[in-house]
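Chemist: Each protein sequence line maps, in turn, to chains R and X.
Numbers 1 to 464, taken from our numbering, label the letters of the first sequence in order.
Numbers 1001 to 1279, taken from our numbering, label the letters of the second sequence in order.
You may find that some hints are simply not true.
Below, a sample of chain X positions facing chain R; criterion: calculated Cβ distance under 10 Å [what the hints assert, rightly or not]:
id, residue
1, A1071
2, H1072
3, N1136
Note that these hints are calculated values from the structure, not bench results.
We put the beta carbon where it would ideally sit given N, CA and C, even for glycine.
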Amino acid sequence: MLFAALIAARTAAASSRLLGRGSGTTYPGVLAERIHPGLVRDLSRQLRSGPVVVTGTNGKTTTCKMLGDTLAAGGMRLVRNESGSNLRQGIASALAASAGAFTGRVRADTAILEVDEASTASVVPLLQPRVICVTNLSRDQLDRYGDLETIGSRLTSAIRSAPGATLLMNADDPLVVALGKGHDGPVAYFGLDTTGLTDAAPTRRINTAPCPDCGRPTALSAVVYGHLGAWRCDSCGARRPAADFVAGEIRLGAHGSDFTFTALGQSVRVTLPIAGLHNVYNALAAGSCAAMLGLPLPAIAASLSSFEPAFGRSEALVVEGHDVELLLAKNPAGAEQTITSVLADTGPKALGFALNDNIADGTDVSWIWDVDFEAHDLSSVPIVVSGSRARDLALRLKYAGKRGVRVCEDPADAVRILAEVTPAGGSAHMLATYTAMLAIRNVLAPAQGRFSALGKGLRHGLQH
Amino acid sequence: MASSTRRLRIAHLYPEAMDLYGDLGNVIAIKRRCEWRGVDVDVVEVRVGQPADLADCDLFMMGGGQDSAQAHVAEDLVRRGAVIRSLLDEGAAALLVCGGFQLFGLDYTTAAGETMPGLGVFDAHTYADAKRIVGNVMIEATLQRWGAAHPQAPLTLVGFENHSGRTVLGEGARPFGRIVCGAGNTGDGTVEGAVYRNAIGTYLHGPLLPKNPRLADHLIVAALAHRYGSPEPLAELDDAVEMRAHHTAVAQCAAASPPIPETKSSGWGHPLTLAPSRR
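The task is simple: from the sequences and hints, build the whole structure.
Modeler: Below is the structure:
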């Protein structure tokens, strides 16, 4: 049956590519699993180094891209699922595509799989991963999942189903640490040493998370952002676990960060070419996982230092002669990190925000009130707001004390206006939710001869 | 009374544990709208287990949180119950959203069957249900003079609900509003929230006040009346940006579900009346 399932998956993938219906990442998996329900289990079992699952609310795609690139550079053969194919069917498709149809042999050493938090409970028992990495549990698409506790309980049952896995957990996030409680296998932690980061660090709007041991609210003696940081519980004395993998001596810049990566008694300096403290976390998670899989630290540092971001996380368009940087922003933690890194470069600039409320964006737009716009001086920055909820953004910015905000509901038109209002010699940055970003690309990118790649991304993105 | 001398004291209850859905925006809205009118605002942030002087507060504000946070918050809140209840009895104002609304009711029963007592300001019991209610909401609020025979013109309010709690109002409770679109307290699409004197309990996030400036001003007038003894009209503000966001949300609700034929008047331009202060 495995043979028939793989042939079917192969045929389905080829025909959906031929018909131009997406990149063939959902249907082949559905079909193959219907023919051979044990497909995911049977194929993942063959991976010599076992599968690696990366989950959590933020940073999965970037972490997987960093980890995959690093392992590939180190000579490992990989199965990878594309971002947006992180539900069960997408994972089945990726595994099926990696196996020889006639031999049924998987031609890879490991699989780096981004798994949607909500899908972990169904996927992890089949995969029996070697490593499960949990990046963080931040507030993301609240309306889609209810709240963090629902996600937490799904992840807990996923972890229970894989007692042999090594957990790689974010020590700075009490909600993540709670997931590892009671795990039979090894638990390793990564975390930031934020000493010296006080002035450069972003705004500190705190959301406390419950203590993993007693459930009472934790306190933070050093805040990274949101509820992440050096937490402690004043009720029961629990505190942030000592991290096995540390990013310290962090310096944040407008176009990248550098930090010292310490693991297994060794240290190495990493120069990360993408900005933001959240990306330091992503690089640390990826580097830690690569080190656990046996890659030497200098190779990890070299790979991270030449990292190219995943498609759609950040890219440049040329509009009316101006470079416009397009940035994905879909929740308060990410948006705040992005704004902070954009403003780290003090040159003249214009800022745009595009907020849609389709299902892929999240229909609850209240999160914009949790972005600490008040903390940033935007007085000399022209601002354009856009998207189906442009009026909500205009209102948010009014209450943050910003004046002269321009409103243009169509995101692509808004980018053109943004280019027009950008000061001479300045930079333009558009932060957009998922579907707003796709709308912008769809209109503005074809003119730049990028239609095929972008069109693919568009269709692909809508397969959720 | 010279406007520059007026001031308000707000108690922001559990800002870190109970702000899951942007409810901080309500506090921002009150602060700004006071500031624009020269009313000084001072905010007391109340945290679990930490001392806070509530005796001089005119307005209580609380948002929604997660179940686990709610248990510890409930304990702490009940300990402060006497002072909060007596201030609300005197006419102090409150906006209690979602978890805040639930904990100001009689009790809250979690999905695990555990019942935690609330403040008992609203005659209402809440229990957790497996199914979450999520979506845009439009209501007609029925704020009225406490004990008056004739309700005032209804006020259209827009927000976003996201709750697994079902709140059943008792005989003695008055709902905050009638659902035009959305699910409401129990999910049956009839009533939303509860009102006790100048305290409002509701499931409406959004956040609620920025897009419903009339309600924000209602709370400010009530809070000022609590401090200074009689309600006085506020200086008008230019609410064009607020009302555009409001109308966008109204249009979305209308598109999502055709509204029930409306009773006359939107209520805009009608001053809301207040529960009289007993001070």
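Chemist: If you take the shortest Cβ to Cβ gap from A1071(X) to chain R, is it below 10 Å?
Modeler: OK, holds: A1071(X) within 10 Å of chain R, min 7 Å.
Chemist: Using Cβ atoms only, decide whether N1136(X) comes closer than 10 Å to chain R, and label the hint accordingly.
Modeler: holds (8 Å)
Chemist: Under the criterion of a CB-CB separation shorter than 10 Å, is H1072(X) in contact with chain R as hinted?
Modeler: holds (5 Å)
Checked against the numbered hints above, the structure violates none of them.
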